[in-house]
Amino acid sequence: MSGVARLVAKIETEMGVEVENGDTVEGVNPEHLRMTEALLFAASEPLDLKALATSLPEGADVAGLLSELQQIYEARGVNLVCVAGKWQFRTASDLAFLLRKEQPEQRRLSRAAIETLAIIAYHQPVTRAEIEDIRGVMLSKGTLDVLMEVGWVKIRGRKRTPGRPVTFGTSDAFLIQFGLESVNHLPGVDELKAAGFLEAIPPSGFDVPNPTDELGPDEDPFIEGEDELDLATGGPDLS
Amino acid sequence: MSGVARLVAKIETEMGVEVENGDTVEGVNPEHLRMTEALLFAASEPLDLKALATSLPEGADVAGLLSELQQIYEARGVNLVCVAGKWQFRTASDLAFLLRKEQPEQRRLSRAAIETLAIIAYHQPVTRAEIEDIRGVMLSKGTLDVLMEVGWVKIRGRKRTPGRPVTFGTSDAFLIQFGLESVNHLPGVDELKAAGFLEAIPPSGFDVPNPTDELGPDEDPFIEGEDELDLATGGPDLS
Amino acid sequence: MSDAGENFGDFEATAVAAPEEMLFVAVDGFEGPLDLLLTLARNQKVDIAKISILKLADQYLEFIESAKKMNLELAADYLVMAAWLAYLKSRLILPQPPNADGEPTADEMATRLRWRLQRLEAMRQAAARLMGGDRLQRDVFSRGDPEPINVIKLRTYKDSLYDLLTAYATQRVKKMGGKTYRPVHAPVLAIEEARERLERMLGRIADWSGLERLIPFEWSGGTRRRSALASTLLACLELARDGKVEIRQMAPFEEIFVRDRVAPTAEAMS
Numbered sequence: 042m043s044g045v046a047r048l049v050a051k052i053e054t055e056m057g058v059e060v061e062n063g064d065t066v067e068g069v070n071p072e073h074l075r076m077t078e079a080l081l082f083a084a085s086e087p088l089d090l091k092a093l094a095t096s097l098p099e100g101a102d103v104a105g106l107l108s109e110l111q112q113i114y115e116a117r118g119v120n121l122v123c124v125a126g127k128w129q130f131r132t133a134s135d136l137a138f139l140l141r142k143e144q145p146e147q148r149r150l151s152r153a154a155i156e157t158l159a160i161i162a163y164h165q166p167v168t169r170a171e172i173e174d175i176r177g178v179m180l181s182k183g184t185l186d187v188l189m190e191v192g193w194v195k196i197r198g199r200k201r202t203p204g205r206p207v208t209f210g211t212s213d214a215f216l217i218q219f220g221l222e223s224v225n226h227l228p229g230v231d232e233l234k235a236a237g238f239l240e241a242i243p244p245s246g247f248d249v250p251n252p253t254d255e256l257g258p259d260e261d262p263f264i265e266g267e268d269e270l271d272l273a274t275g276g277p278d279l280s
Numbered sequence: 042m043s044g045v046a047r048l049v050a051k052i053e054t055e056m057g058v059e060v061e062n063g064d065t066v067e068g069v070n071p072e073h074l075r076m077t078e079a080l081l082f083a084a085s086e087p088l089d090l091k092a093l094a095t096s097l098p099e100g101a102d103v104a105g106l107l108s109e110l111q112q113i114y115e116a117r118g119v120n121l122v123c124v125a126g127k128w129q130f131r132t133a134s135d136l137a138f139l140l141r142k143e144q145p146e147q148r149r150l151s152r153a154a155i156e157t158l159a160i161i162a163y164h165q166p167v168t169r170a171e172i173e174d175i176r177g178v179m180l181s182k183g184t185l186d187v188l189m190e191v192g193w194v195k196i197r198g199r200k201r202t203p204g205r206p207v208t209f210g211t212s213d214a215f216l217i218q219f220g221l222e223s224v225n226h227l228p229g230v231d232e233l234k235a236a237g238f239l240e241a242i243p244p245s246g247f248d249v250p251n252p253t254d255e256l257g258p259d260e261d262p263f264i265e266g267e268d269e270l271d272l273a274t275g276g277p278d279l280s
Numbered sequence: 259m260s261d262a263g264e265n266f267g268d269f270e271a272t273a274v275a276a277p278e279e280m281l282f283v284a285v286d287g288f289e290g291p292l293d294l295l296l297t298l299a300r301n302q303k304v305d306i307a308k309i310s311i312l313k314l315a316d317q318y319l320e321f322i323e324s325a326k327k328m329n330l331e332l333a334a335d336y337l338v339m340a341a342w343l344a345y346l347k348s349r350l351i352l353p354q355p356p357n358a359d360g361e362p363t364a365d366e367m368a369t370r371l372r373w374r375l376q377r378l379e380a381m382r383q384a385a386a387r388l389m390g391g392d393r394l395q396r397d398v399f400s401r402g403d404p405e406p407i408n409v410i411k412l413r414t415y416k417d418s419l420y421d422l423l424t425a426y427a428t429q430r431v432k433k434m435g436g437k438t439y440r441p442v443h444a445p446v447l448a449i450e451e452a453r454e455r456l457e458r459m460l461g462r463i464a465d466w467s468g469l470e471r472l473i474p475f476e477w478s479g480g481t482r483r484r485s486a487l488a489s490t491l492l493a494c495l496e497l498a499r500d501g502k503v504e505i506r507q508m509a510p511f512e513e514i515f516v517r518d519r520v521a522p523t524a525e526a527m528s
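Same order as they appear, the protein sequences are chains A, B and C. Position in the first sequence (first residue = 1) + 41 = this note's numbering. Position in the second sequence (first residue = 1) + 41 = this note's numbering. Position in the third sequence (first residue = 1) + 258 = this note's numbering.
If we strip away everything but chain A, and leave its shape as in the complex, we get (with noise of 0.2 Å):
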């Protein structure tokens, strides 16, 4: 036994002796304090005075006992805790990372998302129905979604027609995730055929704009808070 547990255990049971620094120890009774204890841990749910002091002994000063129990929990790594006017321990709130635990997991991209990511890196600025142009496809609701939701793919801005709607652009994460400097040193047409990307003769007409991180020049900046999600997930770009 250490020295220390021998000396809290020692102090526990000779409650209301004189102390170093003159104070005398407030009576409450230890008896009442184990009981007070043992009923806040079994309890299912937090505890009121009212409930408690129906358990405990008659006369047991209830809010004395709790208060002296949320003393002696303070520094622990167990404190006892008020909330709306009920008692519970709880495990501190500074080790709840001990409770948690992350768990990897490995996922890929559904095939209509890649492509689409892919579409907005290469395109970008580009607005939902540019995207649904160039796949000839109807864009479903979650793809867009799941590519900001992971943090790829952003609003840039909104473009200059009518019913400006919002240009979507591939974020620093999508740079990171996919080991790019920017996104001009994405493959051009010929470096794809060199890749093997490509068939060696491309349709006519195959091209592969070169994006860019600059606004373009019918793009305006997008401004925070424009109801954006709604905007990003089926706003007046369906138009």
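Please note: incorrect hints may appear among the correct ones.
[What the hints assert, rightly or not] In silico contact screen, one side only, chain C against chain B (beta carbon under 8 Å); selected entries:
(1) 292
(2) 304
(3) 306
(4) 308
(5) 312
(6) 384
(7) 385
(8) 391
(9) 399
(10) 400
(11) 404
(12) 474
(13) 476
[As the list claims (entries may be wrong)] Just a sample of chain B residues kept apart from chain A, beta carbon distances all over 12 Å, derived:
(14) 71
(15) 72
(16) 117
(17) 135
(18) 137
(19) 152
(20) 180
(21) 231
[As the list claims (entries may be wrong)] Examples of chain B residues lying across from chain A (beta carbon under 10 Å, computed):
(22) 118
(23) 131
(24) 220
I should point out that these hints are in silico values taken from the structure, not numbers from a laboratory. All residues carry an ideal CB built from backbone N, CA and C; glycine is no exception.
Chain A is fixed; fit chains B and C onto it per the hints.
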């Protein structure tokens, strides 16, 4: 804040200082102590050393922390106990009177089931025939079923005797339910052993079975799926 | 601990009954003959280790007799025990015969029975102690409101630049309609066409012309030439079969020469 609480808090934050009697406080890390406390408090099940070690910072002296905590809580309303080799906070047993009310009635076992459970606990590994020999009566079909269903009794293995009867033993759930560290801590086990009542049949002075979780010298491990239920309720050991 | 009496109430009830009262207890109130014997033994109010087996046997046999008189249905094992006890009793009363080949003596048998009764009694006490001990959620309680471990999924994506580019190139090319596979049709000079052409030339073919010189000019380059050569050769073979031309090749893979057999000029020259 009362004098005691203040002093306790003060000492606990000053772990490692010289204490009046000249002892030097042994070095359990106070932060580790708080973490262990929080982990054990938060858990709904008993935790073993390994589970604690994976949650605590590397190199934490888990055994030292546990014995320190056990002593800190020794005289409290909540105690740290070792059950089935795992650690759990439980209310102090002398406070049972305070908490017992309002608890739902536990399933009542028949007298035959209670006796059979005790015989299995003290005599394990034990065959059905041996249980019947001790009780002087055939085991009815349901008795073992009930004990296995509650989860207190499990099939341990097979005896290397003709017919290879299955052997029964108690589970961790049994130890947890009855607050036992291991089957060696069964109440009165030493006296029963000394009196020769736990010896094999007939009492011949040799082959003294210890109630043990380990496989006996003439016991084979039970292989799951060996038509378990059938054997449990009336297998070849009946012969 | 306090629960021992409650759980074992049934045990107590049978144990305290006086022998004469027990006659009215149905036999099925006992957990077998050993239980009945133990109950009788406890009524002797002495340490079971020192119990008189002779007296115990008498009590048991008396009990069975009474049960029989009351027409109680007795299980076979009660009767087996009765027979065994009657035998033991006779052996205990009669003078000890010389030890017959390793058979246990009456005293050994009595000791063994005493030991079995003691053991059953010991196990019952152990059971009572076990059941009366601190039971979880009956006497001692675990945390009433445990705080579960929060599992946080750290989601990462496996998608690489390769996946991105593949998706892009595939999608774009597909959309542009270039993805449908159209096999390139190699130009073919039909055999019929070659034959018709040769037939028109009959009579005008120079003596022993090389096959190469017989193919049409517009078929003389690239893959077209191969097809034209093959068709023309086959046409020549057909005409040779019809006796309209002669074919000659000096050695394998040497040039093939064709001669017109129709043209009168050619005949004059040969």
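For each hint, the structure was consulted:
Annotation: residue 292 of chain C was flagged as interfacial toward chain B, and the flag holds, the nearest CB pair being 3 Å apart, inside 8 Å. A distance limit of 8 Å between C-beta atoms decides the matter here; for residue 304 of chain C the minimum to chain B is near 18 Å, and the interface restraint is violated. With its C-beta approaching chain B no nearer than about 12 Å, residue 306 of chain C sits outside the 8 Å limit, and its interface hint is violated. The interface hint given for residue 308 of chain C is broken, as the beta carbon of that residue sits about 15 Å from the closest beta carbon of chain B, more than 8 Å.
Against a cut-off of 8 Å between C-beta atoms, the interface hint on residue 312 of chain C is violated, since the closest Cβ of chain B lies about 20 Å away. A least Cβ separation of about 5 Å between residue 384 of chain C and chain B falls short of the 8 Å threshold, and the interface hint therefore holds. Look at residue 385 of chain C: its Cβ gets to within about 3 Å of chain B, closer than 8 Å, so that hint holds up. At a threshold of 8 Å, the smallest CB-CB gap from residue 391 of chain C to chain B is about 6 Å, leaving the interface hint in force.
Hint on residue 399 of chain C holds. Least Cβ distance to chain B is approximately 5 Å, under the 8 Å limit. Below 8 Å, beta-carbon pairs count as interface contacts, and residue 400 of chain C has one with chain B at about 6 Å; its hint therefore holds. For residue 404 of chain C, the shortest C-beta to C-beta distance to chain B is roughly 4 Å, which falls under 8 Å, so the interface hint holds. The restraint placing residue 474 of chain C at the interface with chain B is violated, with a minimum CB-CB distance near 82 Å, outside the 8 Å limit.
Because the beta carbon of residue 476 of chain C sits about 81 Å from the nearest beta carbon in chain B, more than 8 Å, this interface hint is broken. The non-interface label for residue 71 of chain B is inconsistent with chain A: the shortest C-beta to C-beta separation is roughly 9 Å, within 12 Å. Here residue 72 of chain B does not stay apart from chain A, with its beta-carbon only about 9 Å from theirs, under the 12 Å limit. For residue 117 of chain B, the shortest C-beta to C-beta distance to chain A comes to about 6 Å, within the 12 Å cut-off, and the non-interface label is violated.
The Cβ of residue 135 of chain B does not lie farther than 12 Å from every Cβ of chain A; its closest approach is about 9 Å, which violates its non-interface assignment. The Cβ of residue 137 of chain B does not lie farther than 12 Å from every Cβ of chain A; its closest approach is about 9 Å, which violates its non-interface assignment. With a cut of 12 Å on Cβ distances, residue 152 of chain B stays outside the contact zone with chain A, its closest approach being about 30 Å. At roughly 37 Å, the least C-beta separation between residue 180 of chain B and chain A is larger than 12 Å, which holds for a residue marked as non-interface.
Non-interface status of residue 231 of chain B relative to chain A is upheld: no Cβ of that chain comes within 12 Å, the nearest being about 26 Å off. Nearest Cβ of chain A to the Cβ of residue 118 of chain B: about 3 Å, under the 10 Å cut. The hint holds. At a threshold of 10 Å, the smallest CB-CB gap from residue 131 of chain B to chain A is about 9 Å, leaving the interface hint in force. Interface hint status for residue 220 of chain B: violated, as the beta-carbon distance to the closest one in chain A is roughly 15 Å, over 10 Å.
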